[in-house]
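In order, the protein sequences belong to chains A and X. Per the working numbering: the first sequence = residues 2 to 668. Per the working numbering: the second sequence = residues 467 to 987.
It is worth saying that the hints were derived from the structure and are not from the lab. As the structure is a prediction and not an experimental result, all values here were calculated from the model. Hints are supplied without guarantee of correctness; some may be wrong.
As the list claims (entries may be wrong) - Using 16 Å as the maximum straight-line C-alpha spacing, the simulated EDC-like pairs for lysine to aspartate or glutamate come out as follows: (1) K905(X) - D168(A); (2) K905(X) - D170(A); (3) K569(A) - D463(A); (4) K905(X) - D815(X); (5) K390(A) - E456(A); (6) K620(X) - E521(X).
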Amino acid sequence: MPSAAELAWLIPVLPLAGACITGLGLISFNRTVNRLRKPVAWLLISCVGAAAVLSYAVLAEQLAGAGPTEVLFNWASAGNFNLQMGFRVDALGAVMLSLVTTIAVLVMVYSDGYMAHDKGYVRFFTYLALFSSSMLGLVISPNLLEIYVFWELVGMCSYLLVGFWYDRDGAANAAQKAFVVNRVGDFGLLLGILGLFWATGSFGFEEIGSRLQEAVAGGSLPNAAAILLCLLVFMGPMAKSAQFPLHVWLPDAMEGPTPISALIHAATMVAAGVFLVARLQPVYEPFPAVQATIAVVGTITLVLGASIALTQMDLKKGLAYSTVSQLGYMMLAMGCGAPVAGMFHLVTHAFFKAMLFLGSGSVIHAMEEVVGHEPVLAQDMRLMGGLRKYMPITSTTFLIGCVAIAGIPPLAGFWSKDEILGVAFGSFPLLWVAGFITAGMTAFYMFRLYFLTFEGEFRGGDKALQAQLLAAAGKPPGDGDGHGHASHPHESGWQMAMPLAVLAVPSVLVGLLGTPWNSRFGNLLDPQEAAEVAEHFSWSEFLPLAGASVAISVAGISVAVLAYALHKLDLATAVAARFPALNAFLANKWYLDAINDKLFVQGSRKLAKSVLEVDSKVVDGVVNLTGLVTLGSGEGLKYFETGRAQFYALIVFGGVIALVVLFGSLG
Amino acid sequence: MSAAILFPIAAALVIPFIPDAGDGKRVRWYALGVTLTTFLLTVGGYLNGYDPAVEGLQLVERVSWLPKLGLAWSVGADGISMPLILLTSFITSLAALAAWPVTFKPKLFYFLLLAMDGGQIAVFAVQDMLLFFLAWELELLPVYLLLAIWGGKKRQYAATKFILYTAGSSLFILVVGLAMAFYGGGAPTFEYTDLMAKDFSTKFQLFAYAGLLIAFGVKLPIVPLHTWLPDAHGEATAPVHMLLAGILLKMGGYALLRFNVQLLPEGHAQFAPLLVVLGVVNIIYAALTSFAQRNLKRKIAYSSISHMGFVLIGIGSFSALGTSGAMLQMISHGLIGASLFFLVGATYDRTHTLQLDEMGGVGQSMRKMFALWTICCLASLALPGMSGFVSELMVFTGFVTSEAYSLSFRIVMAALAAVGVILTPVYLLSMLREIFFGKENVELASHTHLVDAEPREIYVVSCLLVPIVGIGLYPRIMTDTYRSSIEALVQRETTALARVIQPQPGSLIRQPLLTAPLLPV
């Protein structure tokens with residue numbers, strides 16, 4: 002009986018097999034397979050489910066104290082050179098495996114309800130399985146190169162899923178943007194991987210780390226070059242985990258179906274960047290400059306995400322910017338040299354953010370019954386309100402999510418965020434201030450979302466407001482596939498409610514696994530460090546910091562309550578009108594999209610156009626000119642045709658002499 | 467091996483005598499049968515007589531032809547040619563299947579197709595420089611006719627440009643071939659193995675190398691010798707297209723490896739930095755032109771040029787890994803390019819336009835087509851799990867770890883080449899978006915009949931996709947077939963490199979930033 006770790010290769014292969022079967026079926030027997038909705042869904046859910054069971058077994062083994070397992074084989078070779086592939090299971094991987102499979106299964110069950118009426122139901126499930134497979138492959142990759150392979154594959158799945166509703170222009174643009182921005186990161190990642198390979202001769206994490214350190218210490222590699230390579234590699238996680246300035250794709254990616262936003266763009270794929278940085282800790286650790294850069298980038302991102310989230314009116318985009326901000330927290334932890342804290346926040350965030358997104362999907366699904374399938378209307382919070390009456394399960398779980406992310410003890414977000422802030426306080430006090438203030442903003446915008454959506458009066462029937470929103474989005478009024486047929490929304494079916502309820506449990510409880518005085522999570526990932534932390538733990542240090550962050554969260558929540566629940570405080574006049582520049586700055590997302598468009602999109606188009614001009618006018622022009630000259634000279638040469646044999650002989654003779662001289666000079 | 471060359475040509479000669487109603491139905495089955503038999507012949511030769519572990523020539527057949535001149539019909543295969551021979555017969559048989567809708571002068575069309583099949587296999591298989599020249603020229607004529615008769619609106623211009631370009635450049639092959647035969651001591655000979663044994667002076671090698679580089683650079687193509695390609699590709703029909711992209715371009719790469727590297731290693735040692743620079747120029751320049759291009763066929767034609775840049779870098783990399791990568795990139799692009807061009811043809815059959823502005827939202831009614839397009843585009847932008855990724859990665863890794871260049875040269879070139887990694891998805895995904903995404907284009911849908919992919923089309927593309935994915939998942943199925951030959955080749959060029967740079971190995975090329983491409987004048 003082989004151990005679960007030895008069978009870990011099955012974890013990504015099972016969903017892949019399922020995806021391949023249905024994918025081939027879709028291409029060859031499109032109509033039949035499209036009709037087999039439930040069987041396909043069951044097949045794929047059980048594939049991912051089996052992977053989940055196996056992942057739990059792997060995790061159980063790791064909890065029992067099994068060491069890392071690594072299996073490799075020769076993948077490509079030339080000369081004395083071998084590229085190895087394989088898989089590797091350790092504590093970090095086991096945690097991620099269980100996390101990804103759990104959320105994937107829940108999201109798939111949820112999708113059965115959410116996508117029930119979509120004609121692309123089967124295709125959607127196929128993509129989901131494909132994504133799960135690539136994500137799981139990424140998690141068990143033993144070296145940088147294999148990570149890069151799966152890194153690209155999850156990017157491709159994200160592309161396919163964001164562009165899932167391909168008849169929408171917004172989705173088409175967002176899908177392409179996501180892929181291209183990620184490719185910009187991959188450009189750095191690829192160069193970094195190649196450079197590290199050149200410097201160390203290896204793709205393995207530990208080997209790179211130790212050899213790079215040796216090379217720098219031995220003087221064969223300048224310190225600056227090593228830092229440059231590390232930062233190049235970091236470009237990959239920057240794009241994937243939506244760090245400033247490569248975060249721009251993530252909010253747009255909300256064009257995809259909402260289960261995707263929960264699975265890919267909140268819980269798993271965007272966390273891959275953080276995961277990679279955690280894997281690369283042995284490489285980054287010896288270079289404080291790299292660590293500081295990571296921390297600063299994380300801090301900018303967390304402030305940026307939270308500040309933009311303050312003004313968003315689109316429910317999903319608000320959550321998306323919140324994700325950006327939380328990913329910034331994780332990066333901050335990585336930069337402070339505390340991968341365990343970052344990973345812990347990754348896990349807690351995955352649970353509550355997936356739940357929040359699924360909750361927003363449930364809301365949107367219900368809103369579509371009232372306002373129709375136009376995303377401009379169905380996702381706008383100005384048309385929501387009062388949904389708590391109609392959707393008790395959704396609103397309760399959403400509230401739990403809000404409390405969790407706001408950092409109120411004992412819910413999950415408190416423990417993980419507080420751990421990060423604690424580490425930041427120790428290493429970069431200035432960044433701690435930013436993170437601390439952002440914690441208040443987080444609490445404010447999350448409760449703003451909650452109150453606008455679930456409390457007050459239902460505003461979905463307001464036709465004038467609908468027309469106004471459509472006009473603002475530049476769409477003709479009354480457009481879209483028909484208006485709603487219900488006067489008020491309904492709670493979603495069990496397929497959608499069940500995952501919400503299930504996810505609420507870890508959102509409340511999982512934080513207790515990472516209490517600083519006895520962190521079970523830390524014990525698993527890095528027992529040595531966890532023991533150290535537990536030993537140095539003192540209530541007198543913990544309480545002031547924790548108290549402060551709870552206090553600022555409560556302050557944020559109070560402002561939200563005053564403004565949106567009790568309507569005692571009119572923020573529009575109190576703040577927005579007084580600082581119009583600031584408001585415009587936030588509403589325009591720091592103008593980053595505009596800058597990117599001007600600089601890169603239009604710039605590259607212009608450059609490409611001018612190169613094409615050169616190609617057709619200059620390069621091809623010379624060719625055509627040569628053709629003309631030949632014609633002309635032929636005309637000219639006509640007059641040399643004297644018909645005298647001696648003349649021709651002379652020319653031939655001259656040519657031969659010239660050749661002889663030429664070859665003579667060579668000899 | 468001779469059988470694989472002569473059989474399609476002989477079979478082509480029979481075509482005029484096939485009784486046919488004029489719609490070409492019988493001829494096309496016949497042609498398909500012939501190309502398939504040829505494919506099986508080459509596969510049989512590969513399985514029975516070819517041992518991947520041997521680095522030298524195998525499957526040799528030699529018949530003296532004109533003994534006085536040392537001319538002989540000699541064919542054979544080694545690691546460099548065997549994969550390309552297989553590729554040729556494979557793509558041609560699929561092209562025959564892709565040519566199903568051809569109804570205009572079918573007999574002549576299939577005659578030319580079969581003649582090309584034989585000619586192209588001959589290019590890769592012959593082991594004699596004069597024969598190589600003949601085969602090279604012979605295979606031009608069918609392409610010229612295929613372009614000039616079945617092409618688009620500007621077919622005459624394109625065909626003339628093609629023939630002038632390639633025929634003009636092949637003069638260099640003849641001149642250099644003659645010079646090499648009579649120069650360098652020993653009896654005049656055209657045979658590769660004898661030529662390899664000759665000891666050419668470095669100066670002579672440089673001249674010969676430059677001549678051959680122009681000749682093969684047109685074919686590959688190397689910017690700025692590329693302008694025939696968008697015209698030719700822009701006017702060709704789908705099956706011709708598949709052959710052009712799938713095989714013709716590879717002749718350039720093959721010939722560079724065979725002659726420039728194998729026969730003129732010292733010239734190569736001097737020229738290699740130039741090859742790398744040209745490769746980078748190819749990648750970026752063609753990617754940009756492709757991005758700006760509004761005509762679908764020309765867009766993909768430029769993307770082919772861009773991908774060939776990796777072949778150049780690989781050849782110039784002085785590492786076994788990089789050179790294998792170049793080889794794999796040729797095979798991989800042969801498959802991916804052929805599938806993309808086939809899809810372009812299939813789409814054109816439905817939309818009757820190649821202008822991207824006139825398309826849009828086609829995905830609604832052509833879902834399977836959309837899926838196939840997406841897969842092929844992803845393959846082309848080097849998605850892992852497909853062959854393009856492996857080959858580009860091998861080229862990159864090989865080049866970066868190569869000992870022959872200075873560090874700064876490697877950094878700059880690798881960074882520039884990696885810009886292509888960003889540009890390729892930009893133009894390919896923009897293209898996909900403009901064709902398939904968005905609301906259905908009402909005007910297009912009103913006057914065209916947008917039917918979804920037929921089983922035949924799905925079959926052709928999946929035949930191409932199977933090896934693409936196969937190589938992508940486990941590249942050794944391909945790389946192991948030519949590994950020993952490439953290693954021997956790289957060994958040869960590395961010793962030549964050391965010989966060229968005698969005083970202090972590496973000093974000539976290992977120079978500071980960007981002075982590396984020392985052009986010997």
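Comparing the hints with the structure gives:
1. For a cut-off of 16 Å, the pair hint linking K905(X) to D168(A) stands: about 5 Å separates their Cα positions.
2. Between K905(X) and D170(A) the CA atoms are separated by roughly 7 Å; this keeps the pair inside 16 Å, and the hint holds.
3. Pair hint K569(A) plus D463(A) does not hold up; C-alpha atoms about 24 Å apart against a cutoff of 16 Å.
4. For the hint pairing K905(X) with D815(X), the CA-to-CA distance comes to about 21 Å; that exceeds 16 Å, so the pair is violated.
5. At most 16 Å may separate the alpha-carbon atoms for a hinted pair to count; K390(A) and E456(A) meet this at roughly 9 Å.
6. A distance of roughly 46 Å separates the Cα atoms of K620(X) and E521(X); the hinted pair therefore is violated under the 16 Å criterion.
Hint compliance for this structure: hints 3, 4, 6 are not met, and every other hint is.
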